[in-house]
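There are 2 protein chains.
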Amino acid sequence: MAEKEMGLIWGSGSGPCFKAMVALHEKEFGDIKKTLISFSEKGHKGPAVIAKNPKGSVQMFSSDSPQENRRIRTEHTHEKCKSSSSVPTFNDGDIVVNESMAILLYLEHTYPNKGTRLLPSDPAGYAKVIQATMEAQENLTMKIMVKCIFYNMMTDEASRKQESFQKAIKANIEEAQKELAIWEDKLKLSDGDFICGKDFTLADVVLFTFLATVVRFGSSLGKFPALKSYYDRLRERPSIKASWPPHWSEGELADEKKILKGI
Amino acid sequence: MAEKEMGLIWGSGSGPCFKAMVALHEKEFGDIKKTLISFSEKGHKGPAVIAKNPKGSVQMFSSDSPQENRRIRTEHTHEKCKSSSSVPTFNDGDIVVNESMAILLYLEHTYPNKGTRLLPSDPAGYAKVIQATMEAQENLTMKIMVKCIFYNMMTDEASRKQESFQKAIKANIEEAQKELAIWEDKLKLSDGDFICGKDFTLADVVLFTFLATVVRFGSSLGKFPALKSYYDRLRERPSIKASWPPHWSEGELADEKKILKGI
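Top to bottom, those sequences are chains A and B. Quick note: the first sequence uses my numbering, first residue 29, plus one each step. Quick note: the second sequence uses my numbering, first residue 29, plus one each step.
Calculated directly from the structure, the hints in this document are not laboratory data. There could be a bad hint or two in this list.
Note: identical chains are not told apart, hence a pair may lie in one copy or across any two.
As the list claims (entries may be wrong) - With a straight-line Cα cutoff of 20 Å, these simulated SDA-like cross-link-like pairs (lysine to any residue) come out:
1) K175 / F193
2) K175 / I197
3) K142 / G121
Just need the whole structure built from these sequences, with the hints factored in.
Below you can see the structure in the form of structure tokens.
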């Protein structure tokens with residue numbers, strides 16, 4: 029299938045979209061047609077998405093916009109993939125995939141020898157990388173995104189002032205800090221610059237994009253020197269520079285949204 | 029690597045362990061050494077786990093036991109896989125994997141032609157199955173497990189009686205019902221007995237094990253005839269019968285724990 033038949037519909041600041049973008053650039057598909065939709069202007073309901081998802085609304089996580097931060101699923105299904113529609117929506121010709129982890133695995137399965145090899149093929153190497161990838165995806169989603177960032181966003185201002193919320197969010201942030209300490213230790217034990225050794229892999233796509241969100245939400249990573257150094261190095265990687273959420277470059281998050289500034 | 033060198037440490041009633049068990053049976057590795065640990069007797073801290081995880085405690089989800097229902101991560105890392113230790117803990121010789129989704133993908137990657145083929149190799153077939161697998165894993169974890177079952181379990185008795193909790197859990201259960209309706213529609217659109225067509229795949233391993241938990245927690249699936257028929261058929265599948273959590277066979281859950289009985 030030719031590159032020109034590929035496409036990605038994505039949104040700025042969405043973690044799943046960020047992951048898909050980095051993987052596409054690593055696989056040398058950075059030049060495919062990319063459609064950036066605006067969450068705040070309800071671009072996820074606009075013509076570009078609807079063209080690929082004629083019956084559907086979208087599934088999304090935009091990490092900056094509480095009022096837009098929702099996962100919308102639909103009982104309608106996509107004509108081609110029989111899946112609910114979403115951003116990121118990736119297509120390779122007629123093949124449509126819209127779960128970020130599925131996009132990553134699809135790209136590596138279908139184009140293993142193009143661009144960066146994101147998953148080793150030998151069993152031991154594969155095991156190491158897929159374990160780190162799934163562990164990052166599961167634990168960082170739950171402990172950083174759900175229990176800190178979304179929990180804070182989803183709670184209204186009055187409730188955020190209540191003691192019970194303050195106590196809960198404090199405990200969650202402490203848990204997030206412990207989770208980051210686990211990844212700090214893993215990085216220190218790595219025998220290379222990346223989380224699974226000397227090569228950039230799928231696990232780095234997942235870990236880095238979460239770390240970038242942690243920094244966006246106020247963490248200096250000051251307590252995690254290995255993560256900080258890793259973040260600074262990867263921040264300059266071409267695939268990551270090319271995938272950086274445009275509105276992140278325009279300015280910092282408002283201070284009251286920086287829920288992770290203490291860690 | 030010979031089958032005799034494989035092993036699985038698992039716990040009864042843990043969804044991730046259930047998934048690993050089903051996949052192992054489908055791949056004809058049902059006869060490997062399996063060590064069933066007891067959560068209630070703190071078997072996850074016992075000699076069998078410690079032997080493979082010498083420095084670690086465990087990461088677990090036991091869906092029946094609120095007081096034991098926790099994810100314990102450790103700053104110590106496993107000597108071999110440099111991962112925090114957990115159940116399920118699977119080893120294939122020296123290779124150790126302990127995230128359930130990583131175990132499933134590792135088995136299929138390393139032994140594609142053994143037992144049931146769980147992921148098609150052609151790009152379109154692969155895309156369809158990996159999309160459904162990740163969609164089920166992400167959405168059913170969040171909407172059924174986290175927002176209904178665990179939310180109910182983690183809340184103490186006094187708080188469960190408060191209006192705010194009652195309102196929130198009602199909304200979450202409605203969301204869970206909408207999620208199940210999406211899978212009901214997907215099944216109806218399938219051109220075979222399984223979620224992605226005529227073949228049992230990785231997506232069925234994930235979908236079925238969540239459905240079994242939905243039933244365990246009180247749902248009759250009465251509003252979802254396609255899911256009910258799918259559940260009843262797969263319940264008789266050899267890999268699933270062989271993997272059924274032993275304590276589920278001993279008796280039903282106490283009525284007050286059946287948070288999904290209305291749907």
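Taking the hints in turn, this is what the structure says about them:
| no. | hint | in the structure |
| --- | --- | --- |
| 1 | K175 / F193 | both (12 Å within a copy, 17 Å between copies) |
| 2 | K175 / I197 | both (8 Å within a copy, 17 Å between copies) |
| 3 | K142 / G121 | within (17 Å within a copy, 31 Å between copies) |
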